[in-house]
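Please model the complete structure; the sequences and the hints are all you need to start from.
Given next are the chains, with one letter for each unit.
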Amino acid sequence: MAVTIRIPTQLRELAGGAGEVALEGGTIAELLTALDAANPGFAERLYGEDGELRRFVNVFLDDEDIRFLDGTATAVSDGQVVSIIPAVAGG
Amino acid sequence: MASAKKGWETTPETRETEMTYVESLRCRECGRTYDVAPIYTCKWCFGPLECAYDYDAIRAVISRERIAAGPPSIWRYADLLPVDRNPAVDLGAGYTPLVRADRLAAELGLGEVWIKNDTTNPTNSFKDRVTSVALSKALEFGFKVAACASTGNLANAVAAHSAHAGLRSFVFVPANLEAGKIITTAVYGGNVIAIDGNYDDVNRLCAELAGMYPWAFVNVNVRTYYAEGSKTLAFETAEQLGWQVPDHVVVPVASGSLLTKIRKGFDELYEVGLLDEKPEVRVSGAQALGCSPVASAWEGGLDTIKPVKPDTIAKSLAIGNPADGYFALDAVRQTNGGFAAVTDDEIVEGIRLLARTEGIFAETAGGVTIATLAQLAAKGIVRPDERVVAYITGHGLKTLDAVQGVVGPTATIASTLDAFHAAFNPEDLA
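Chains A and B, in that order, are what the protein sequence lines are. Position 89, counted from 1, in the first sequence is what numbering that gives the first Met the number 0 calls 88; the numbers after and before it change by one each time, with no gaps. Position 308, counted from 1, in the second sequence is what numbering that gives the first Met the number 0 calls 307; the numbers after and before it change by one each time, with no gaps.
The reader is advised that the hints may include incorrect statements.
[As the list claims (entries may be wrong)] Okay, the calculated bits of chain B under chain A, using three or more residues with CB under 8 Å as the criterion:
{"#": "1", "stretch": "44 to 52"}
{"#": "2", "stretch": "234 to 247"}
{"#": "3", "stretch": "320 to 327"}
Please keep in mind that the hints were generated in silico from the structure rather than gathered at the bench. Note that the structure is a prediction, hence the values are computed from the model and not measured. No residue lacks a Cβ here, since even glycine has one placed at the ideal position from N, Cα and C.
Written out as structure tokens, the structure reads:
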């Protein structure tokens, strides 16, 4: 069993058009590294020059924003879903 | 579909080309440009996209007279809005009263204070401005369905404007929203979906749905255009002050978009030659203590905005993960403004203070704004020598819960003179 990563529309071209990919990894950071290894180009889109996630990139583990957890160090278990979602304005 | 706004269809001042002056969309983070399309984030860095105008072309046609000859709505500023044709979806949003608030100013120890009273919009909040622009653009793009994530006010506006335009609508709101805001959305007959979660949960679902269905999500895929509607609050303020700008504005902050666009609006007026001098407007932000991620970053001198889980009666400002928070923070810092984060009790007192002194009944967001104005005045950040405009963005009837139990009858008596005089001393009544 692996972790499902949901890819936003803007980045699907990097994943051959796929909306979801399944990868192995123990933390968010490891999964994103695996994502980039499988589909080169993800890392430079998700991370800024400072090595941190870009400030308009939101990452959720199941229903929780990882900034409420341990950020990219958040541990991930098999069967969980990681979603990459752009920040959206309010109403 | 357009309503017959007096003076619009008939005026010779109507734009001859009926083409927008938007040249492209530009990423606010990295500056990459994109063609005009229903897109909202940079494909490279996820930064929000913004309309980039041909200001030289606008400057060549726009004038104070041309605006004065336009309709009494946001569409009098059509040259500075990203819509290609005469307003397709128009319930009359905008051109709301700017009210001199001397009694409020006196209470707060301030000098010249004005209230921009946006409670008088068609669905009683400033969201009619942005929705009118967003759905007009949505029709241009050929969308048949309108949608939004909302804390309530946008829900009202999208449901109403969709009904007027004959669009299907899907409005997503947190299930714990005030009952009044659910009813005043559902009455327009579109789909209202209450989500078991807070606004940020709703928004997240909508960001995913927006990638799946060909809908015009006004605050997602047409947000680039939607947000421009907020500039009209600055345009009107300047026009109503006789083409002058205030020294200081106080603006409620949820996503941060409104504050950012009000500042942009003042700057654009100068850019296209409608103001004689470069505006130097100090911009201050108002948040509720129970949802104050931007105010906290300002207070702490931080460059990072940490999301929060909202817990406040000001539900229309309860966005814990504010997408435009960084830009709002920059605007406040660059203009030497300030922020305040006010308690729920202060919000209620702010609502009552504005109602008691000026006869304007604001929703909780307005209470946040007035309470912030009071705090910033007490701290000397808003000064007595400044001309101040406070933006009241929604009507108090939307959030009656906030004042229920706090205000009520002065006396409940029998229908007799004796009972009346028992309750009120006749000597006090003359």
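Checked hints:
no. : hint       : result
1   : 44 to 52   : holds (count 4)
2   : 234 to 247 : violated (count 0)
3   : 320 to 327 : holds (count 5)
Hint compliance for this structure: hint 2 alone is broken.
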